[in-house]
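Given only the sequences and the hints, what does the whole structure look like? Please build it.
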Amino acid sequence: MSGWPPLLVAWIGLLVLLALELGSALLLHLPATASLFGMAQAAIVVIAFMRIRRGSPLMHIFGAAGLFWLIVLLALGNLDPLTRTDLIVQTTGNPR
Amino acid sequence: MHFQYSSAEHQAESAMSGMWLFLAQEILFFGALVFVWVYCCYQHPAGFRLATQHANLLIGSINTAVLLTSSFTFTAGLLAIERGEPRRLIQACFATIGLGVVFLLLKGVEWFKDVGDGLVPGAHFSLTGPDSGGAQIFYVFYYVATVLHALHMIIGIGLVLWIAWRARRGDFSRAWSTPVEVVGLYWSFVDVVWLTLYPLIYLAAL
Amino acid sequence: MSVTVDTPRVSYLTEENTIGSWLLTTDHKRIALLYFASITGFFFLGGIAAALMRINLLTPTGAIVSHEMYNRLFTMHGVVMVWFFLVPAIPVTLGNFIVPLMLGARDLAFPKLNLVSWYLFMTGGLFATYSLFAGGLDTGWTFYTPLSTDYTKGHVVAVAIGIFISGFSSIATGVNFIVSIHRLRAPGMGWYRMPLMLWSLYATSVIYVLATPVLAMTLILLGFETVFHVGIFDQRLGGDPLLFQHLFWFYSHPAVYIMILPGFGVMSEVLTTFSQKGIFGYKFIAWSSVAIAVISFFVWGHHMFVAGTSVYSAITFSLLSFMVSVPSAIKVFNWLGTLHKGYIKFDAPMLYALGFLGLFTIGGLTGLFVAALGADVHLTQTYFVVAHFHYIMVGGMVSAFFAGLHYWWPKITGRLYPEMWARAAAFLIFFGFNLTFFPQFILGYLGMPRRYAAYPPEFQVLNVLSSAGSTILAVAYLMPVFYLGYSLRHGARSPSNPWHATGLEWKTQSPPRTENFPIIPIVTEPPYNYPRPEDRTRAA
Ligand SMILES: [Cu+2]
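Protein chains in written order, with our numbering: chain A, 13 to 108; chain V, 14 to 219; chain D, 4 to 543.
Simulated from the structure, these hints should not be mistaken for lab results.
Misleading hints may appear alongside valid ones.
Claimed, not checked - Distance windows between CB atoms, simulated:
| hint | chain 1 | residue 1 | chain 2 | residue 2 | range |
| --- | --- | --- | --- | --- | --- |
| 1 | D | 454 | A | 97 | 28 to 36 Å |
| 2 | A | 16 | D | 24 | 45 to 53 Å |
| 3 | V | 130 | D | 138 | 33 to 41 Å |
| 4 | D | 454 | A | 38 | 46 to 54 Å |
| 5 | A | 76 | V | 121 | 55 to 63 Å |
| 6 | V | 187 | D | 503 | 48 to 56 Å |
| 7 | V | 168 | D | 287 | 42 to 50 Å |
| 8 | A | 97 | D | 156 | 30 to 38 Å |
Said to hold, decoys possible - Here's a subset of chain V near chain D, in silico, CB distances under 8 Å, partners left out:
| hint | residue |
| --- | --- |
| 9 | 34 |
| 10 | 150 |
| 11 | 157 |
Stated by the list, open to error - Covered stretches of chain V (in silico footprint by chain D; criterion: 3 or more residues with CB under 8 Å from a CB of chain D, positions within the stretch not fixed):
| hint | region |
| --- | --- |
| 12 | 35–46 |
| 13 | 55–69 |
C-beta atoms are modelled at their ideal positions from N, C-alpha and C, and glycine is treated no differently.
Structure (structure tokens):
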């Protein structure tokens with residue numbers, strides 16, 4: 013993949029996704045989908061601008077390792093708050 | 014070429030690998046913030062919703078478009094030098110720097126407005142009521158995340174400036190442009206970080 | 004020894020000897036020596052704090068220092084020992100020196116980054132040390148909120164900044180090692196032809212690179228809250244202090260394996276050399292290092308069993324914690340298999356290594372006790388935990404450090420150390436260590452909590468025993484400073500391979516030249532290619 017056309021397509025695609033992200037959250041009232049659009053955009057940047065497909069297997073491993081450990085952090089870290097039963101959260105006003 | 018490498022290509026690919034590994038580290042660095050967001054949003058859905066409603070969606074969205082475009086321009090510069098056009102690379106660098114500066118200026122305006130609206134966690138926080146605590150936690154996340162991202166932008170602008178300077182000096186050619194590629198990885202990654210933060214700050218908790 | 008001693012006059016030590024040539028060097032061997040100097044300083048600083056604590060615990064009411072001072076002492080001991088000695092220790096000193104030599108390379112992949120990492124380490128270290136002296140800190144090395152953010156008067160932010168900066172030196176070292184091991188192996192050196200030291204340093208580097216950034220972010224959030232008195236962990240806002248502990252232990256449990264994995268690597272090298280026998284179960288040992296690096300990220304919740312995490316989370320983390328002990332046990336059994344029918348020689352590095360085997364096994368097994376949910380409720384926050392991790396960190400890791408230091412000393416300096424003194428020190432360390440820390444298992448089981456300056460009188464006998472052991476340990480740790488220092492000038496010149504070991508580092512001169520190898524070697528055989536025992540008997 014080289015040359016201008018794919019790059020332009022990627023850029024336009026990114027802006028379209030941004031518009032869709034806003035539309036989905038504001039017009040369709042589906043704010044939870046916003047992060048999905050963000051991930052799609054990130055994937056396009058990684059493919060088109062960071063040219064991951066041209067990278068060596070080693071670079072793929074490094075990137076994948078970062079993602080894998082991020083998932084570990086998110087999954088095991090949130091296991092605790094998501095399954096707590098005796099949590100009493102007091103959201104009060106200003107502290108001081 | 015350093016004496017531990019067998020060829021320039023060997024060294025170039027090692028530099029690229031090193032950058033990718035550094036970026037894996039960055040994933041975990043900002044990933045910790047994403048974890049904080051998910052954890053706290055689950056505990057304070059109403060507070061996060063209240064806070065998100067007061068975030069400056071307009072500036073945030075413009076900034077997203079600006080940043081996406083800056084990644085596009087820098088990659089265009091990389092393509093140019095790979096075709097042996099250093100002048101085009103220099104132009105692309107300055108376009109990238111310009112967009113980066115626009116992003117930072119807009120970010121500054123946004124912070125200024127936030128502070129003016131009393132969106133500063135602490136005793137004088139302007140969002141009161143039962144959800145104030147959660148909203149303040151959101152704004153702690155917001156300031157830490159945006160300031161750290163802005164610092165990465167400033168470093169990135171410095172790096173792009175360095176690339177432009179070296180390009181002017183005639184360091185890069187069709188045959189060799191590794192630093193351009195490495196800096197491009199960094200710049201686009203900072204973009205990816207913003208693409209992750211943007212929905213979390215402005216949309217996801219609405 | 005039939006090897007002719009022809010000590011080369013030109014080496015990396017003699018090449019150029021201005022101050023600038025040392026402080027601005029990009030030679031991995033010289034950077035290793037810079038790190039050696041720094042690490043030794045931090046080790047004795049942390050050691051002095053520990054000695055003062057042990058003296059204070061001679062009497063139930065505290066013998067010498069005030070309770071506030073005691074809190075500062077154990078904080079200084081923890082912070083300095085963890086971040087400025089144990090975490091960097093083996094990788095940045097022995098690792099820095101030996102990785103390119105083992106790879107058959109001329110330097111690490113990024114020599115300038117390597118130098119930068121030393122400056123980051125020194126900046127962070129001096130910053131943190133200065134803050135610990137000027138006003139001090141009394142939160143313990145764990146900085147738990149809200150104690151650290153709201154109640155303590157200590158320099159939380161300054162120490163956090165010091166650790167933050169030195170964290171980036173860890174990341175730099177990790178990136179350097181991983182890329183070097185991938186990219187700079189000599190021709191013919193496949194993954195399974197690498198010495199096991201490289202496998203374990205690779206695994207360590209994975210943790211360096213992927214865990215340290217989370218610590219960095221945690222410290223930023225902690226600093227924010229301490230400075231502005233409002234933050235993510237603030238319960239007055241409904242924030243969750245347990246979130247801090249999750250973030251902190253996401254780094255700090257894998258960091259335990261940062262501390263011990265390099266020791267595993269040293270063990271594989273030393274045990275094979277001094278039993279003149281190939282390693283037993285090479286692939287198992289290699290992959291268990293990788294398994295440890297991965298699984299160590301899955302277990303951090305075991306530090307929070309009694310902190311109020313959910314039952315499901317606690318059970319999950321307890322089971323996963325049992326899992327991480329499996330690869331460590333695999334290593335121990337394989338090392339024992341290596342010793343079996345070996346031609347064992349009890350030189351000093353071997354004595355240290357055997358000490359490691361015993362102490363690490365005790366430390367590892369007692370880890371299973373505290374990984375079990377039920378037992379941990381009783382044992383947590385007691386001296387049992389203190390004894391458990393000191394058996395691993397000090398008994399295991401520091402013994403391995405000394406094993407490696409003595410083993411590669413001839414390569415690093417070109418001199419042989421005094422063997423009898425070194426053996427005596429190895430014995431004394433083993434004895435002093437056990438006398439210091441075994442009583443603490445009992446104290447903890449009986450219920451003495453950690454981090455207290457005073458204790459009920461019935462605990463005094465065991466405390467005095469422990470303090471007595473610590474004086475022996477202190478003397479034993481000082482001995483190498485003298486005899487190794489002596490050998491620098493007066494030791495016999497070492498041949499290139501004094502131990503008849505395999506491995507590329509022994510195929511070049513001692514001490515090596517700056518470029519390590521005049522010609523890049525070509526690897527044609529597996530590592531640890533010693534004659535098989537059955538072949539030896541036949542020959543005899
Ligand atoms: Cu642990």
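| field | Violated hints - listed by number, lowest first | value | Failing hint: just 5.
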